[in-house]
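A.B. asks: Place chains B and C on chain A using the hints.
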Amino acid sequence: MSCKCIEFQNVSYMYNLGSREVKALINVSLKIPKGEFVSVVGASGSGKSTLAKHCNGILTPVEGNVFVNGKNTSQRAVKKRLWKEVGLVMQSPEKQLFEATVFDDVAFGPRNLNLSERETERAVEQALHWVGLDSKEIGKISPFSLSGGEKRRVAIAGILALSPSVLVLDEPLAGLDPSGRKRLLGQLKLLHKDQGITVVLITHNMDDAAAVSDRIVVMNEGKIQAVGPLEKVFLSAQELEEMGLELPFAARLLRCLAGRGYRVSEGYTLDRAAEEILKIYRNRGGHSV
Amino acid sequence: MKYSTPLADNVKEKPLISLRELDYTYGQHGGARRTALKGISADIFPGDFIAVIGPNGSGKSTLARHLNALLVPSGGKVWVGEMDTTVPENVWKIRSLVGMVFQNPDNQVIAAMVEEDVAFGPENLGVEPSEVRRRVFDVLAKTGLKDMAKRPPHALSGGQKQLLAFAGVLAMQPKCIVLDEPTSMLDPRNRKNIMDLLVKVNREQGVTIVLVTHFMEEAFAANRVWVMDNGKLGQQGSVEEVFSNWKYLEDIGLELPAARRMVKLLSDKGLNLPQREHIFFPEDLVEELCHVL
Amino acid sequence: MFEGITLGAYIPGDSLLHKFDPRVKIIGSLLLIAGTLLVSSPAGILIYSITALLLLVLSHLSWSRFFKGLRFIYVIVALSLIIQSFSVPGEVLWQVGSFNITREGIFSGALLSWRLLVIVILSSLVTYTTTSINLSAGLERMLRPLERLGLPVSQLAMMMGITISFIPLMLEEFQSVITAQQSRGAGFGSRNLIRQFKNLLPLLLPVVAGILRRADELSEAMEARCYRPGAHRSRMRELCLHSKDWTALAVTATMLAVVVLLEYKFLF
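Protein chains in written order, with this note's numbering: chain A, 552 to 840; chain B, 7 to 299; chain C, 120 to 387.
The following block holds chain A by itself, in its conformation from the complex (with noise of 0.2 angstroms):
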């Protein structure tokens, strides 16, 4: 039993650049139920970050409607109180930070929710941790004199001091260094599955979704391509490329030996990789060392 936590019903997003009409969104319908964790994969411009701001109100369709929790979001009522459900951290979330400490910054949103100074202290000190951070240490250090990785996840904190049920994060790897990436791709699936929230993440990077995700959903020109599970949803390399993106490592390699007759099955992650590897090294009578 699934409640329809977000549903885009034949959105259809356009604005005027200087003469011309772009058209970010086309006809795009889609469920995400409440406790998923699903990528949104694209090239840039392909309407990824567009649909990830109809997620909270930021931008209402022109044709179509968008739900959250079944309330429409072309709702001015509605719209005014969805940040409080659903987070949205944008592109290079450290542009946010403004205030004179970190925890005063953190704390931003939930005194905008009204909360009392003491429940206001424990959601900052939960989302610093939630993001491996220290509220102690590091609570009153200014956010202007943190790393671009301590800033980043200062932000992200910043959203999940709200305890929004859903949670839209645009692109947050991009420009990480690789354990910064790995770091923050944990802590979300472990928040994800510690908290239930459901967990929409746009990237460009096929490696990092199928890492973490339930369900895939492509994104090219402004439509959506595929959607479903990792295996429904891995097309053609060629059809990939063509939209800009690459097949995880993983499953370029399986797909380099299915292509030289071996037998293998599909796999996005490198253990999965590993797994169809070894069955057939140990069918031709290889031992384990």
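If you're looking for bench data, these hints aren't it; they were derived computationally from the structure. Note that the Cβ used here is the ideal one computed from N, Cα and C, for glycine as well. Keep in mind that a hint or two might mislead.
To be verified - Simulated crosslink set (DSS-like; lysine-lysine; CA at most 27 angstroms straight-line):
| no. | chain 1 | residue 1 | chain 2 | residue 2 |
| --- | --- | --- | --- | --- |
| 1 | C | K138 | B | K156 |
| 2 | A | K630 | C | K317 |
| 3 | A | K582 | A | K630 |
To be verified - Over the 10 angstroms line for every Cβ pair with chain B, so calculated as not near, a few chain A residues:
| no. | residue |
| --- | --- |
| 4 | N561 |
| 5 | K622 |
| 6 | E676 |
C.D. replies: Okay, now just chains B and C, sitting in the frame of chain A:
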């Protein structure tokens, strides 16, 4: 992916850039002092493609900025050609020899029209107008931006803006181009465009490239890899030499290239590929697996 | 909200007016404007009206689009007509309450409105057919002699050029900060004045920080490309006056001279 073979090491020629015992400390004029670079000595030869890798905070960007005198050493010396970077009179000539592309595509836009932005560099060098025009159109064609020549830069995508920045530096016809994590904010397609262009410019025109990156796969295009470790030059060598030392790379916090990680994972699960020490590229992995299976 | 903002009103085109040197457009329009302010005879008004319309035709701009863009001026034009009608003493034509509409007033109002309209048409023609880059290049070239007096003309021009390309990027940044803070509950549409002020900080501070960061990085990029303030730089496209430019200047200057002679011959 396997890039075309880098130009051969021409150690017989004199180095284009030399670093000798380079030290750099931040905050020398008040503020917290922090040693960013310690005792770095290395040479960059004409035609090299150097990949500088290292974890965050290891000093990669700081090092990059010493190559064109945006920063000058606190100790030791940096020589570009025969010129000492600490001598102010040399700076302008040094920067005409060593160009730089930075990480953020938005903050390198100088003019209000694409072709004017590309012309900025050559104009600063006092190049004759008709030659400037020729270079601008040549470079716009090379970077695939010819159709955007009259458009404003802010109408370009992030990837195109980086190509624009690169075009602007290329138009100055430098001997060496240093790029500080130029692709970290781009999607796969744009990353590939930039890398293809870098490889082309290096292999076909002999332009020396120094690429600071945290994408291991980009390092495969290099003929030499420098590994930065806490301000020191921990390792340098060919791609094979550096990536063989996977224990060291892991220890300092770097993620191995995907093919290497696969080899390691298989090893952990009991499958030791005989050629495992020599596998760096995905193509090598596939070949080896076909052998073994 | 800020998507698609292009600075300046430039409409791309290939007309004669587009091809004129920007300096000629600036000076020529100033000469014509001076003429419209001085002219008052029916013949003169006719000639200048025809000139303005002729230039509009030569610009190949769509008339509907052009006049739609001027709609903000119509109110002012109408207002000046009305006010002048009431305030100039003379032969009374109608009476509205205690206000007298005089014939002199109507003529005076009509002349003023005509002048306003023509001035706006002429200056719009310049901005619609000249890119902001060319406008600043034209200004810079005209002011260059002042460099000998110590005025840093080329640096000022560089600053103007950078500002022009900065502004759209800055507006984008504004937009993204607004979106980010709105996602945290910052209400920018509050009625309460105090709340509105408080809500400005989460918007202004990050934007200012962003501007400073951008300025820092941009100056690094400029230095890396060998920019030296005040040093000699070549120009890819040097502004060059052709015969059509000289002709246009000659015509507009002559028109002004003729106006002065004919309309003000009582002065000589």
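A.B. asks: Take a quick look at E676 (chain A) and tell me if its Cβ sits farther than 10 angstroms from every Cβ on chain B, holds or violated.
C.D. replies: holds, 26 angstroms
A.B. asks: Measure nothing beyond the straight line between the CA atoms of K582 (chain A) and K630 (chain A); if it is 27 angstroms or shorter, mark the hint as holding.
C.D. replies: At roughly 19 angstroms apart (the allowed maximum being 27 angstroms), K630 (chain A) and K582 (chain A) satisfy the hint.
A.B. asks: Hey, K630 (chain A) versus K317 (chain C), does the alpha-carbon distance stay inside 27 angstroms?
C.D. replies: The given pair, whose Cα atoms are some 22 angstroms apart, holds under the 27 angstroms limit.
A.B. asks: Starting from K138 (chain C), check that the Cα of K156 (chain B) is at most 27 angstroms away, please.
C.D. replies: holds, 15 angstroms
A.B. asks: Just checking, N561 (chain A) versus chain B, shortest CB gap more than 10 angstroms?
C.D. replies: Non-interface label on N561 (chain A) holds, nearest chain B Cβ at 27 angstroms vs cutoff 10 angstroms.
A.B. asks: Would you check whether the claim that K622 (chain A) is not at the interface survives, using Cβ distances to chain B and the 10 angstroms cut-off?
C.D. replies: holds, 33 angstroms
When held up to the earlier numbered hints, the structure conflicts with none and fits them all.
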